[in-house]
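So you can see what is in the structure, the chains are spelled out below.
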Amino acid sequence: MAFSRGICGFFLTGLLFIGQLVFADGPNETLVERERRRVQTIARIAPSVVCVMPPGGQGGGSGVLVSADGYAISNYHVTSGCGNFMKCGLNDGKLYDAVIVGVDPTGDIALIKLLGREDFPFCTPGDSDQVQSGDEVLALGNPFLLASDFTPTVTYGIVSGIHRYQYPAGTFLEYTDCIQIDASINPGNSGGPLFDIDGRWIGINGRASFEKRGRINSGAAYAISVRQILLFIDHLKSGRIVDHGRTDFTVGTAADGLVAVQEVSEISEAWRRGLRPGDELVSFGSRALTSANDFKTILGIFPAGIRVPLTFRNPEGAHKTTVRLLPLHGFDAAPQLPEERKPKKRPGGPEPDGQPDSPHQAEAPVIPEQYTHLFKEKKSFTNYYFNQLHRDRLLNPLRHSLAETESNKTATWSISWKLSDDRVTGDLIVGTEGAGLRTEKNNSYQPVNDQQPSNESADLWGVLSAALQWHRLFQSDPDLFSEVVYIGTELLAPSGRPVETVFIQDGAVESRWYFNDESPLPVGVDVTMSAGHDEARIRFDGWQNNVVPSPARIGVVDPETEQLRWLTVEAFDVKPRATNDNAGNQESAVP
Amino acid sequence: MNTRVIVKVVVCALLLRCGRADAIVASVPDAEYLAVRAGQQVVVKLFGAGVGTLDSYGSGVLISKEGHVLTVWNHLVNTGFLTAVVPDGRRFRVNVVGTNLEHDVAVLKLETDDDETFDFVDWKATADVLPGESVLAFSNMFHVATGNEPVSVVHGVVACTVSLDAGLGRWIFPVKNPVYVLDAITNNSGAAGGLLTSSAGVPIGMLGREIRHRDTDMWVNYAVPLKGLQPVIAAILDGRRYSSNTSTQDQKSVLSDRQLTAGFGITLLPSIVETTPAYIDRIVTDSVADVAGLRRGDLVLMVGDDVVRSTSDLRERLSGFRRGRPIAVTVNRNEKLETISLRAP
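Chains as they are written, first to last, in our numbering: chain A, 1 to 591; chain B, 592 to 936.
No lab work stands behind these hints: they were computed from the structure.
Glycine included, C-beta positions come from ideal geometry on N, C-alpha and C.
Be a bit skeptical, because a hint or two may be false.
[As the list claims (entries may be wrong)] For lysine to aspartate or glutamate, the following DMTMM-like pairs were computed, each having C-alpha atoms within a straight-line distance of at most 20 Å:
1. K376/A / D97/A
2. K212/A / D679/B
3. K656/B / E693/B
4. K212/A / D808/B
5. K212/A / D774/B
6. K296/A / D679/B
[Said to hold, decoys possible] Here are some, though not all, of the chain A residues that point toward chain B, as calculated from beta-carbon distances under 7 Å:
7. D129
8. E211
9. S283
10. S286
11. N293
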């Protein structure tokens, strides 16, 4: 902290003055050195700070650039008042056009894209989990819209508390696991970045405790942690209205201070993994829990749909597993802000300077013609343009690599495999009507028109349903599925490697396809046949050019153990489908 | 534990002052965090009853191993049924050990099992700070932390040391000794009773209430110096009543609730707000008030010719009568005014 370091520096300066000691940098540097370093840091980070305004220029807030191509983070309660296109000022004094990309209404985060440059200055994220009470921080932003040249205002403070939870304001704006600071935060700072004293971006300032002293700095403001933002940012790039996650079990703090599971839905994944009321929840999302508040705090940083690790303890011992988070709100449209966040127009007068958080009623804002195509409206999306952009980026190369197999679209695949570790062999046959699995012990068959979890092989659970989806993806134009949505980047369980996810709805079957940039072909798929049953979780490795692209290995994730078992593909045969066999076949309708 | 930590930090600071910086330098950054951790380890969150704009939560500082807690003598203490949450999340019922009006201080005691101990601040090992020195303020402001989460820490500088002419509404800040005025917004909702330390972690004061300056109407952020509280805390812990020499001269004397009950036999409604009307809640049998004919439910309107607007008004008006002097008390009883003559006890 500057004050105590300042005091030390003061004493040390005195010592230096009497010429007895010489200190290097670090905690021993003098006040003058510290100030010089601070000035340099601010000069380095200020160019990434954005002044976010509605096209009409009244009101506004702050933001921060996170990439050279212009992506910037702000608060939902700032951008929701700005419209789909907005104006952004940087400290070079220039005004840029920007378009809304994605929003997270619950977490009060919005992703916008500044336009017109590919070399925007941007900030470097730090590790907000390492932040401690007492750390020095710098808040940059646009309080009271003071700077007409968009030079950000800098306020200094310390971290007052970490892992803070702020109850939802109104219905949905909820700040969990946030950083409490005493740096001065005022209207207009909203959406602006919080930096540590070395200039690493650690949060977005969005909220403060306001009470009897009015809506101005009260010494207690809250920043959304960068950890949470980084978990959402690649989902926000999808142009969706990104939802937060919930679990289908509840916890409370037991009398002995442990975090005890209270209720568990009996059709939930957690129940199937053995979680029962009374069990102790030891950790969630890789963080140890000491109270039910801890659980609420950590749960709030995750987007819906991702897998989160947890550890629970019952009389048999400790168990580790993962659960996929369910959607918290399921927004169809960007929700309305609570009343207190809405603009308070003063009758008979202009908007006061100090109401930059206020959404603004822009009258027919002028959008430059070259940018109008960058926004597309669609239900449950913030900006469908960006979803199409990323979906096509992933699926067009896939289509391209499958183009040569056009004539084999409806062919039946016959895959001979060997389970390398225990020398079990078998065959997997997939066609337009169903998929069959033959092992030395069992045969099982999953028909396309009547998919049942009970048809799956107990040895390799889910392989048949997953293989059917795989066959459908490779034979169909992806646009023919009822829904194809780009989700964003996430960490694939159990390997933990980053992948990009495309969600496909095919009748009642939902699948999540995973891609990385090594190949246009997928690295895996998780298939949900119906609620109440475990997902089929299949991984692919070593795609080869065959008549249709075929993997060298097929991985099956065991839902109980989270272990990945690899089937080595010994032979992959493609048999063109007999031309007279088309009765009652839904694929025959596919052009 | 914390006293140890604080002592260590103090020693560090003293060594530094002595110029032996070479021995200390490596521990300086740690010391800063130790100061923060230490402060967070001794501040408790108080929860009780609030009314209107008065909060139902506050702060206190552990000042003994056995669980004595120093806090501001405010409505939370007056209304009773207080709960304290200590830094590790344990909850305790709280009893009031003693209070002192002229220092605006109360000492509480956690209801504990015999063998339970707590980290605490050594209130005897305090120091003076000068204007310009950096300080840390620890409190349960805005009840951001409710369980085992550490309380909030705010940094600031002592702006000056002055006697405050301040208050809130009709309530007048009773402390006449100089207080530390701070440049940071430390005195928020629920912060009263929090801890002020030097940046090195030496305990130096108790955070005060949310009050405004009489002349400027500005909110004042202040802390009562711990040094001035030492004799008060010592007296309360000893079960003695403390009164300073200065208080009789320039301060309006006011009867405490306890004096009012012990002397006159009158117990008033709890003074929840500054303007709580002076309703008599209880009359001690055979007391001065009982003999004179005062009854439960009487609303005291006047003492002599002076209008009584509140319980604190009454406690002020009833002070300063010599023993045996007659006092005319006008009360509203069943929508009728009655004047009753008391003998000062």
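Hints and how they fare:
no.: 1; hint: K376/A / D97/A; result: holds, 17 Å
no.: 2; hint: K212/A / D679/B; result: violated, 30 Å
no.: 3; hint: K656/B / E693/B; result: violated, 26 Å
no.: 4; hint: K212/A / D808/B; result: holds, 13 Å
no.: 5; hint: K212/A / D774/B; result: holds, 19 Å
no.: 6; hint: K296/A / D679/B; result: holds, 18 Å
no.: 7; hint: D129; result: violated, 16 Å
no.: 8; hint: E211; result: holds, 5 Å
no.: 9; hint: S283; result: violated, 16 Å
no.: 10; hint: S286; result: violated, 19 Å
no.: 11; hint: N293; result: holds, 5 Å
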